[in-house]
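Colleague: Chain by chain, the residues:
There are 2 protein chains.
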Amino acid sequence: VVSCWSKLAEVVGNEYVLRDSSTLTRYARTTGFVQILPDAVVLPKCTHEVQSIVRIARENKLALYPISGGKNWGYGDAAPTQEHQIVIDLSRMNKIIEVNEESCYAVIEPGVTQGALATKLKLHHPTLWMDATGAGESCSIVGNFSDRGFGHTRYSDHYVSAAQLQVVLGTGEVIETGFGSYPNAHAAHTYKWGIGPILDGLFTQSNFGIITRLTVNLMPAPEDYCIYAFSIASDEDFAEALSVLSRLRLEGVIQSAVHIANDLRAISGKTRYPWEAMKGETPLRERVRQELARSFHVARWTGTGIITGNPLVIAALRSTLKKRLAKYNPKFIPKKILGSISLAKRVTQKIPRLASMSRYLELISMLADMLTGQPSNDALYGATWRVRDDKKGKGSYDPLDAGAGLAWISPILPATPKCLKEVLSFLPKIFEKHTFDFMATFTMINERSLVLVSNISFDQSRPEEVELAKTCYQEALDELFCRGYVPYRMDPKSSAKLTSHAPSFWKLVQNIKLAADPDHVISPGRYLAEDVASAGLIKMEKKGVK
Amino acid sequence: VVSCWSKLAEVVGNEYVLRDSSTLTRYARTTGFVQILPDAVVLPKCTHEVQSIVRIARENKLALYPISGGKNWGYGDAAPTQEHQIVIDLSRMNKIIEVNEESCYAVIEPGVTQGALATKLKLHHPTLWMDATGAGESCSIVGNFSDRGFGHTRYSDHYVSAAQLQVVLGTGEVIETGFGSYPNAHAAHTYKWGIGPILDGLFTQSNFGIITRLTVNLMPAPEDYCIYAFSIASDEDFAEALSVLSRLRLEGVIQSAVHIANDLRAISGKTRYPWEAMKGETPLRERVRQELARSFHVARWTGTGIITGNPLVIAALRSTLKKRLAKYNPKFIPKKILGSISLAKRVTQKIPRLASMSRYLELISMLADMLTGQPSNDALYGATWRVRDDKKGKGSYDPLDAGAGLAWISPILPATPKCLKEVLSFLPKIFEKHTFDFMATFTMINERSLVLVSNISFDQSRPEEVELAKTCYQEALDELFCRGYVPYRMDPKSSAKLTSHAPSFWKLVQNIKLAADPDHVISPGRYLAEDVASAGLIKMEKKGVK
Numbered sequence: 012v013v014s015c016w017s018k019l020a021e022v023v024g025n026e027y028v029l030r031d032s033s034t035l036t037r038y039a040r041t042t043g044f045v046q047i048l049p050d051a052v053v054l055p056k057c058t059h060e061v062q063s064i065v066r067i068a069r070e071n072k073l074a075l076y077p078i079s080g081g082k083n084w085g086y087g088d089a090a091p092t093q094e095h096q097i098v099i100d101l102s103r104m105n106k107i108i109e110v111n112e113e114s115c116y117a118v119i120e121p122g123v124t125q126g127a128l129a130t131k132l133k134l135h136h137p138t139l140w141m142d143a144t145g146a147g148e149s150c151s152i153v154g155n156f157s158d159r160g161f162g163h164t165r166y167s168d169h170y171v172s173a174a175q176l177q178v179v180l181g182t183g184e185v186i187e188t189g190f191g192s193y194p195n196a197h198a199a200h201t202y203k204w205g206i207g208p209i210l211d212g213l214f215t216q217s218n219f220g221i222i223t224r225l226t227v228n229l230m231p232a233p234e235d236y237c238i239y240a241f242s243i244a245s246d247e248d249f250a251e252a253l254s255v256l257s258r259l260r261l262e263g264v265i266q267s268a269v270h271i272a273n274d275l276r277a278i279s280g281k282t283r284y285p286w287e288a289m290k291g292e293t294p295l296r297e298r299v300r301q302e303l304a305r306s307f308h309v310a311r312w313t314g315t316g317i318i319t320g321n322p323l324v325i326a327a328l329r330s331t332l333k334k335r336l337a338k339y340n341p342k343f344i345p346k347k348i349l350g351s352i353s354l355a356k357r358v359t360q361k362i363p364r365l366a367s368m369s370r371y372l373e374l375i376s377m378l379a380d381m382l383t384g385q386p387s388n389d390a391l392y393g394a395t396w397r398v399r400d401d402k403k404g405k406g407s408y409d410p411l412d413a414g415a416g417l418a419w420i421s422p423i424l425p426a427t428p429k430c431l432k433e434v435l436s437f438l439p440k441i442f443e444k445h446t447f448d449f450m451a452t453f454t455m456i457n458e459r460s461l462v463l464v465s466n467i468s469f470d471q472s473r474p475e476e477v478e479l480a481k482t483c484y485q486e487a488l489d490e491l492f493c494r495g496y497v498p499y500r501m502d503p504k505s506s507a508k509l510t511s512h513a514p515s516f517w518k519l520v521q522n523i524k525l526a527a528d529p530d531h532v533i534s535p536g537r538y539l540a541e542d543v544a545s546a547g548l549i550k551m552e553k554k555g556v557k
Numbered sequence: 012v013v014s015c016w017s018k019l020a021e022v023v024g025n026e027y028v029l030r031d032s033s034t035l036t037r038y039a040r041t042t043g044f045v046q047i048l049p050d051a052v053v054l055p056k057c058t059h060e061v062q063s064i065v066r067i068a069r070e071n072k073l074a075l076y077p078i079s080g081g082k083n084w085g086y087g088d089a090a091p092t093q094e095h096q097i098v099i100d101l102s103r104m105n106k107i108i109e110v111n112e113e114s115c116y117a118v119i120e121p122g123v124t125q126g127a128l129a130t131k132l133k134l135h136h137p138t139l140w141m142d143a144t145g146a147g148e149s150c151s152i153v154g155n156f157s158d159r160g161f162g163h164t165r166y167s168d169h170y171v172s173a174a175q176l177q178v179v180l181g182t183g184e185v186i187e188t189g190f191g192s193y194p195n196a197h198a199a200h201t202y203k204w205g206i207g208p209i210l211d212g213l214f215t216q217s218n219f220g221i222i223t224r225l226t227v228n229l230m231p232a233p234e235d236y237c238i239y240a241f242s243i244a245s246d247e248d249f250a251e252a253l254s255v256l257s258r259l260r261l262e263g264v265i266q267s268a269v270h271i272a273n274d275l276r277a278i279s280g281k282t283r284y285p286w287e288a289m290k291g292e293t294p295l296r297e298r299v300r301q302e303l304a305r306s307f308h309v310a311r312w313t314g315t316g317i318i319t320g321n322p323l324v325i326a327a328l329r330s331t332l333k334k335r336l337a338k339y340n341p342k343f344i345p346k347k348i349l350g351s352i353s354l355a356k357r358v359t360q361k362i363p364r365l366a367s368m369s370r371y372l373e374l375i376s377m378l379a380d381m382l383t384g385q386p387s388n389d390a391l392y393g394a395t396w397r398v399r400d401d402k403k404g405k406g407s408y409d410p411l412d413a414g415a416g417l418a419w420i421s422p423i424l425p426a427t428p429k430c431l432k433e434v435l436s437f438l439p440k441i442f443e444k445h446t447f448d449f450m451a452t453f454t455m456i457n458e459r460s461l462v463l464v465s466n467i468s469f470d471q472s473r474p475e476e477v478e479l480a481k482t483c484y485q486e487a488l489d490e491l492f493c494r495g496y497v498p499y500r501m502d503p504k505s506s507a508k509l510t511s512h513a514p515s516f517w518k519l520v521q522n523i524k525l526a527a528d529p530d531h532v533i534s535p536g537r538y539l540a541e542d543v544a545s546a547g548l549i550k551m552e553k554k555g556v557k
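From first to last, the protein sequence lines are chains A and B. Quick note: the first sequence uses my numbering, first residue 12, plus one each step. Quick note: the second sequence uses my numbering, first residue 12, plus one each step.
Here chain A stands alone, though its shape is the one from the complex:
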């Protein structure tokens, strides 16, 4: 009998079936709470190989855990959801298949990172812009799409701003969504919905198939643009400001996904927890927090956004924002100024007494990158806020290298003052009760809702802190669910919470799973929790393979 490993090696080549313990340990690393070792890591190079892998898995009752880039920091990382899964790492499938300047889109494979696409555009298609998340250059665009991530421009909703997937189902068959399955359909890349039921949304936040190709919308680089920032002094002011901001968004004056970050989120991108000033105690005291905020020139809440268009349109939108946001001290930085800021940043960096100014310029420069779709690694540094050993992982942006603990809690709330006030009335307290600092960004993710992205930052080298973080995470999520604030995304290992709160929804999801992946080959336990999955499957997983 040929072993499964030989069969897989026949498909991808011996060197792409990895089973050595250092590889397995590397893929199991997590910024979260549970390390799960895969049984193997397999790296296919094309859709055809993915199909063959799925067929082998089906025949041999293997469970696969596909990852695009595997950088799902704070949401489960690259690690499988259960024991005895085989990680299918798609990072070798990294072709940018097409960049279309006329209709403004790119067709990419799952291994294509934000950095790779940005570089490609800069070098060969400077008339096109992409939207980037704060997850850095190494973040896979398909990976982010498949978890419905978001960015900063008017294309910030990555689910909406992509069209047409190619997917390998759990049966080994390939389908394309939208018009993609119609041979030579001209609009396959330009019209997302196709004809008949819309299937592409099924393959996000689920375990129905493996996405092997994606069409991503790009923007024409605007003739001109202007970034802006405004400051909100307190939580009370924030609620009041939100009613203005919501109207501006509903009216279409604000078109990008305005991000409103608290001081700690901004500061953590630039420095670590002030252990000395705090004499080793946690969480941060208000006085020290205020000092830090002053030295980094950040208000309690800072909102940021971008206006794009021709100079006339920009002037009109800018003047409207200036007037309506007057109470929040709006600052506008036009495109033409941003070049000189970058220069000033480099100059001030070299002059010690201008350190504070330099830090401010650095913040603006990081902001400008994000708002113009340039992936930047700067925000990743925030994950290390509570790591005590500042030599660990030096020179790497990867939070895993630094031993950072990171757990995202990201509920959606209607963009109303009432809901904002309620969330701010209880959530920071839960963080602080467990000794953690409430780092948070509220993003105007659509015209009617905010997503709150808060994170528990902790030190993986301190078992007692990890335990506290775990308790804090569970308590915060439970309280949010109980009060009706459901997250937009979760660590796929926490899926059981979802099923228990919405059984009718997840029962249908389970039935659809059977339609797309009848043998539960793909990511058992991911989003669709095991307690609704078939009993047969669970037994199979527990068994593992030889």
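Any given hint could turn out to be false.
Which copy is meant is left open, because identical chains are indistinguishable; a pair holds if it fits in one copy or across any two.
In silico DMTMM-like cross-links for lysine to aspartate or glutamate, where the CA-CA straight-line distance does not exceed 25 angstroms [said to hold, decoys possible]:
hint : residue 1 : residue 2
1    : Lys-72    : Glu-184
2    : Lys-429   : Glu-247
3    : Lys-133   : Asp-31
4    : Lys-333   : Asp-235
5    : Lys-333   : Glu-234
6    : Lys-518   : Asp-530
7    : Lys-432   : Glu-112
8    : Lys-429   : Glu-113
9    : Lys-334   : Glu-112
10   : Lys-444   : Asp-530
11   : Lys-440   : Glu-109
12   : Lys-481   : Glu-94
Think of the hints as simulated: they come from the structure by calculation, not from any bench.
Take the given structure of chain A and dock chain B to it, following the hints.
Modeller: For chain B alone, kept in the frame of chain A given last:
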């Protein structure tokens, strides 16, 4: 044994189970080619009754054909897709459950028409605007959503501009999409995607469930607005103009769904085929067409759109459009002028020698309604273009009353000059070859695509013309598929074409059908053609019930 009819009557009341032949004949009426009589018409008044009906259907192997308003003119009307189906008419479920002014949305039942919502907003929520299609006041909003219709404002994509469905599955269970299944989720109506796989798209253009409630996004009524129109003299100029328009749309200067109608589409809304001038011959000759166009002041192609916002923003966008569309004679009609036009229209109507002016003002006034989300019956008149008996159905806007033949052919194409030229090079010729006039609107339905809505207008009282129309319809669709222009929507009776062109896609759809409606209770044959549906089902349908 209790008959099915008694069981159904127990649920909805005797008076809401209709089996008299005049009712059945009325529901079977069609603007298309095939009349199919339902076995009965049942009118439930709430979700609970719908569930009971589905359970009875499941137990008794009945096939249901749910309709919201049943006005799907030119796309199959209210008629079932197959023999022996029971029409479930949801028009009694016509509650506007909530209108939320803060977050700008309405929660409605399937029987709510465009006219009903517009009236409600006008009377009680004048700060809110809706988006309307050209399908008139009696068009159901849920019905239009479930076929992924579109309108004219920046909320023109009705699938995107709605959130959260309540659906009765073929099992009789109720689910809600997005966050709706989580008890007390605050963002249920404001965040469409929820968590986990996106299911709402499954219930559009399909037969997986019965939509019993929908959340529709509304816009804040803009502070100011300006409608605009531009003229394109020929097909060649249109291709050139499209490259300008596409850029304007991609850049975000154009945000509404600009509609570009040909002269015949505009004229047919106001008058019938000039039988006298044409001496009874068809299709329309170029010379007569030109005369008509002149008398109605319409160019070969007329584009229309709306700019909304505050006066500053409007001025900036208007000046940009004026410059970039200069070759196409753009005309702008600000909000403040529109009031006087309405007055002028009424005055000129009474003065015979101002008839031509009056017609022009009427066109503008109809346009203004559509562009500002006011449902209008005016466009419906276009369906009667070729009806010879102009007394039939007088006083009714319903094309069925007039005996109008109407078959939509609505392919999607990338918004590129090349594709536009190709479609215009062959499609009108197919119409004309079969003696029909090519009435067409190209709508910029998203930033990258056009939908061409063309229709064969014919006279149902002339069997030979109906036959010609049928041949023309098949030939046009076949040619479009063959050249890679797939429709965005179809008469659900024509679904077999879809399956044969994209078998892998439809195989998955078939498997999902089993997950949501295992006994094929709901709309067998709708979109999902019967040749891929289960053999058992088809036998059951043919049998009918007693």
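Colleague: Treating 25 angstroms as the Cα threshold, decide for Lys-440 and Glu-109: within, between, both or neither.
Modeller: neither (49 angstroms within a copy, 34 angstroms between copies)
Colleague: Please work out whether the CA atoms of Lys-481 and Glu-94 approach to 25 angstroms or closer within one copy, between two copies, in both situations, or in neither?
Modeller: within (20 angstroms within a copy, 59 angstroms between copies)
Colleague: Within a copy, between copies, both or neither: where do Lys-432 and Glu-112 come within 25 angstroms Cα-Cα?
Modeller: Cα proximity of Lys-432 and Glu-112: across copies only (19 angstroms, versus 44 angstroms in one copy).
Colleague: Using 25 angstroms as the alpha carbon limit, work out where Lys-72 and Glu-184 are close: within a copy, between copies, both or neither.
Modeller: within (17 angstroms within a copy, 32 angstroms between copies)
Colleague: Using 25 angstroms as the alpha-carbon threshold, which applies to Lys-518 and Asp-530: within, between, both, or neither?
Modeller: Both, since 17 angstroms and 17 angstroms are each at most 25 angstroms.
Colleague: Between Lys-429 and Glu-247, at a C-alpha cutoff of 25 angstroms, which is it: within one copy, between copies, both, or neither?
Modeller: Only inside one copy: Lys-429 and Glu-247 sit 11 angstroms apart there, 55 angstroms across copies, limit 25 angstroms.
Colleague: Within a copy, between copies, both or neither: where do Lys-429 and Glu-113 come within 25 angstroms Cα-Cα?
Modeller: between (44 angstroms within a copy, 11 angstroms between copies)
Colleague: Given a CA cutoff of 25 angstroms, do Lys-334 and Glu-112 count as a within-copy pair, a between-copy pair, both, or neither?
Modeller: between (37 angstroms within a copy, 23 angstroms between copies)
Colleague: Quick one: Lys-444 to Asp-530, C-alpha cut-off 25 angstroms, is that within a copy, between copies, both, or neither?
Modeller: Neither. Shortest intra-copy (44 angstroms) and inter-copy (53 angstroms) distances fail the 25 angstroms Cα cut-off.
Colleague: At most 25 angstroms between CA atoms: does that hold for Lys-333 and Asp-235 within a copy, between copies, both, or neither?
Modeller: Both, since 18 angstroms and 19 angstroms are each at most 25 angstroms.
Colleague: How would you label the pair Lys-133, Asp-31 (within, between, both, or neither) given a Cα cut-off of 25 angstroms?
Modeller: neither (38 angstroms within a copy, 69 angstroms between copies)
Colleague: Is the C-alpha distance from Lys-333 to Glu-234 at most 25 angstroms within one copy, between copies, in both cases, or in neither?
Modeller: The answer is both: 21 angstroms in one copy and 17 angstroms across copies each meet 25 angstroms.
Violated hints for the displayed structure, listed by number in ascending order: 3, 10, 11.
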